[in-house]
Amino acid sequence: MATNSDDAAAVEDEEEAPRAVPPSTTKSRATSWSDLLDGPLGKISARLPLIDYLSFRGVCKNWRLFPSGCSHIAEFSKKHPWMLLYDVGVDGGNTCYLYDRLHPKCCEMSLPHLRGATCMESKAGWLLATRERELFFFNPFSTQVIDLVMYPDRKSSHQLFTFTSPPTSPDCVVFGVHRLGASVVEIGRCSVGDDEWERVLVEDVRPPIETLDGIDHRGQSIASSNRREINHSVDFVSSDLAYSFSFEDYLLRHRHLNPARERPEPTFLDKFVNLHREDWLRRSGQKRISVSFCSLQMMVDDVVGLFPFVREYAADGTTTTDATKSVKAAWLEPRFPSRS
Amino acid sequence: MSTESKEILVGESSQAKPEKKTIVLMASDGDEFVVDVDDITNQSEMIRNLISDMGGTDGLQVPLLNVTAPVLAKLLELFNVSNKNDDDEEVTQKVKELMEAELNMMIDVLGAANYIEATSFFDLSCKVLADKFKGMSVEEVREFLNIECDFTEEELQQIHAENAWAFD
Numbered sequence: 273m274a275t276n277s278d279d280a281a282a283v284e285d286e287e288e289a290p291r292a293v294p295p296s297t298t299k300s301r302a303t304s305w306s307d308l309l310d311g312p313l314g315k316i317s318a319r320l321p322l323i324d325y326l327s328f329r330g331v332c333k334n335w336r337l338f339p340s341g342c343s344h345i346a347e348f349s350k351k352h353p354w355m356l357l358y359d360v361g362v363d364g365g366n367t368c369y370l371y372d373r374l375h376p377k378c379c380e381m382s383l384p385h386l387r388g389a390t391c392m393e394s395k396a397g398w399l400l401a402t403r404e405r406e407l408f409f410f411n412p413f414s415t416q417v418i419d420l421v422m423y424p425d426r427k428s429s430h431q432l433f434t435f436t437s438p439p440t441s442p443d444c445v446v447f448g449v450h451r452l453g454a455s456v457v458e459i460g461r462c463s464v465g466d467d468e469w470e471r472v473l474v475e476d477v478r479p480p481i482e483t484l485d486g487i488d489h490r491g492q493s494i495a496s497s498n499r500r501e502i503n504h505s506v507d508f509v510s511s512d513l514a515y516s517f518s519f520e521d522y523l524l525r526h527r528h529l530n531p532a533r534e535r536p537e538p539t540f541l542d543k544f545v546n547l548h549r550e551d552w553l554r555r556s557g558q559k560r561i562s563v564s565f566c567s568l569q570m571m572v573d574d575v576v577g578l579f580p581f582v583r584e585y586a587a588d589g590t591t592t593t594d595a596t597k598s599v600k601a602a603w604l605e606p607r608f609p610s611r612s
Numbered sequence: 003m004s005t006e007s008k009e010i011l012v013g014e015s016s017q018a019k020p021e022k023k024t025i026v027l028m029a030s031d032g033d034e035f036v037v038d039v040d041d042i043t044n045q046s047e048m049i050r051n052l053i054s055d056m057g058g059t060d061g062l063q064v065p066l067l068n069v070t071a072p073v074l075a076k077l078l079e080l081f082n083v084s085n086k087n088d089d090d091e092e093v094t095q096k097v098k099e100l101m102e103a104e105l106n107m108m109i110d111v112l113g114a115a116n117y118i119e120a121t122s123f124f125d126l127s128c129k130v131l132a133d134k135f136k137g138m139s140v141e142e143v144r145e146f147l148n149i150e151c152d153f154t155e156e157e158l159q160q161i162h163a164e165n166a167w168a169f170d
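Protein sequence lines correspond, in order, to chains A and B. Mapping the first sequence onto the working numbering, position 204 (from 1) lands on 476, and the numbers just tick up by one. Mapping the second sequence onto the working numbering, position 46 (from 1) lands on 48, and the numbers just tick up by one.
Note that these hints are calculated values from the structure, not bench results. Just so you know, even glycine gets a beta-carbon here, dropped at the ideal spot from N, CA and C. Take the hints with a grain of salt, since some may be wrong.
What the hints assert, rightly or not - Label pairs and their in silico Cβ distance ranges:
#: 1; chain 1: B; residue 1: E156; chain 2: A; residue 2: R525; range: 52 to 62 Å
#: 2; chain 1: B; residue 1: D133; chain 2: A; residue 2: R549; range: 28 to 38 Å
#: 3; chain 1: B; residue 1: Q160; chain 2: A; residue 2: L547; range: 21 to 31 Å
#: 4; chain 1: B; residue 1: E142; chain 2: A; residue 2: D521; range: 45 to 55 Å
Model the full structure from these sequences, guided by the hints.
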């Protein structure tokens, strides 16, 4: 196209007649794709998934220098989890904000798939999320979606889900734990492509389960894990008790935790919150927010994963009469899916 | 090509429905395109504002100094598809065809759409392009768009490091 002589001639004519045309007009007729006007470039880059945006930046100088909501992404550190503030209510719930522990700026992304959704578990850069009667995996870096059969409706808000490996792996197994009473728990297992969940109801659980604090599968906590073990057992935590259910013998075992050792390291969280709290409040447009963090399975400061938790943050000078807005946050392992 | 397009457009807008109001769009090379007022204001915010500023459409001629006749003809052709269809499917398909067949024309159409503030058509075209870029490597994008890699050695090293950061 650069060799097209008619085009080249037309451009020269325009440039040689500056009085006939206002200065802006010669500029606005792009002669090559690398000179894409600011308008299209911004629109196109805003529509690209993060990993494609990273490619986009490497095409040519103009494209690299173009400011975008994700310009800071390459300055993020991949050593610690990132956090995605999602379903914030900006742009109809499409706009999400990605944070790094050390970088003062966030990356703004449009992720319509997370509108109205709740993330339950995060691992290897993938999120397991639910929305109404949908259960699905979502990769916020590639925007890939992998559907999973919905868990049957259980009238219980005490539920946790986890998965063994990325849903693109044939070994991926998803576990669900529902607390249906202090001594009744249902454990489910399912793989991508299955028509239904394999479910086991365990009654008369002793000691009773007061709360469901966290979930894990054996692959993370046992160093010499074999695949069979990972895909057949799931652990969950209720205050200082760790329960373990095996799909091989259908037995629920428990052990007492050493609380000092297994609690997540607070310094990582404190640093994160201190740096970004103001921004979360500003983005949410509220003085007081209650942030629900989904759980994460990733090695962080020698601790395996973070359990789900909720925290309230308030701006300076907030009074008790100020309304609290609920905001959702998902931890993300900074691992991009490999290109196919 | 421009003359042919002009005749089609004139035929559609002024002869078939003579009672309809029209205005004249002038391409950079002086070619005139008679367009239906409703059809063009439906697409272009700039022309909508212009008509409102001028207080009417009587004898209105709009010079589009940076839009050539072939580009304007193509843009009006796509507007026509857009105006005739309630959903975006048909026009998305046409934009895709244009992208595959005449990439160079597409950037000029995109530039013209941006210039006359044809917002929804412009957004739709950008989406078509973004969808095309999804999953493409840097080299593939460069080859597809015939873009020369204009980075210095230093910048290339930086990009290389960035890619290693992202994908290794």
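So, against the hints stated earlier in the document, which numbers end up violated here? none
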